[in-house]
Amino acid sequence: MSENIKLPRRAGSRPPTTTAMPHMQIRFTPDPEVKSELFRRVYSLPDVSNVPTLISVPGARALWLSEDLPLAHEELILVGREFAHIHPDGSLHVTLSPKRAKEAIEAEWAEYHPLAHQIGVEGMVLLYTPRDMQELDIIFQLVVDSYNFVTGRSIRPDEIVKSLQEAAG
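Counting from 1 along the sequence shown, just add 174 to a position and that's the residue number in the numbering used here.
If you're looking for bench data, these hints aren't it; they were derived computationally from the structure. Each residue gets a CB set at the ideal place from its N, CA and C atoms; glycine is no exception. The hints are all genuine.
Below, computed lysine-lysine pairings styled on PhoX-like, alpha-carbon distance capped at 25 Å:
#1 K336 <-> K209
#2 K273 <-> K180
#3 K336 <-> K180
Restraint-style ranges between C-beta atoms, simulated for each label pair:
#4 G326 <-> T192: 27 to 35 Å
#5 L338 <-> Q292: 35 to 43 Å
#6 P244 <-> R201: 35 to 43 Å
#7 P182 <-> F202: 16 to 24 Å
With these hints in hand, go ahead and build the complete structure from the sequences.
Printed below as a string of structure tokens:
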């Protein structure tokens with residue numbers, strides 16, 4: 175799946191979220207295995223480190239791009255090199271291309287961040303916590319889409335997953 179492929183519709187209704195800051199999903203406890211695999215995948219992206227967030231709630235973790243990595247859209251990073259972060263519940267804030275953000279919202283995988291249109295970052299969204307491994311595949315695709323949009327790279331999520339499987343033996 176790439177940014178050019180249509181996202182499947184997310185099953186069920188949208189989860190409840192806060193309407194004010196901090197913006198996050200509420201009343202959901204993630205499956206520990208799914209959350210662990212989410213962390214394993216996102217922190218396997220090239221030049222991404224797991225560090226405490228500078229802009230989210232306590233316990234959230236930043237997806238921090240290495241300082242020497244050239245960026246295609248530096249203006250989309252609000253603080254330091256934090257291009258996304260994961261909340262303790264497994265939901266994430268990422269910035270997608272405006273087109274991809276709209277697709278993710280229409281397919282009910284995401285919703286706009288309350289500040290997205292106010293600060294001129296049209297693609298800033300909250301990705302809902304994946305409930306199972308199939309949903310994790312979609313959420314990881316969207317994280318990779320964000321990574322590729324911000325960095326200008328063309329990483330494929332299946333390549334990351336394959337390398338993790340090979341490393342696990």
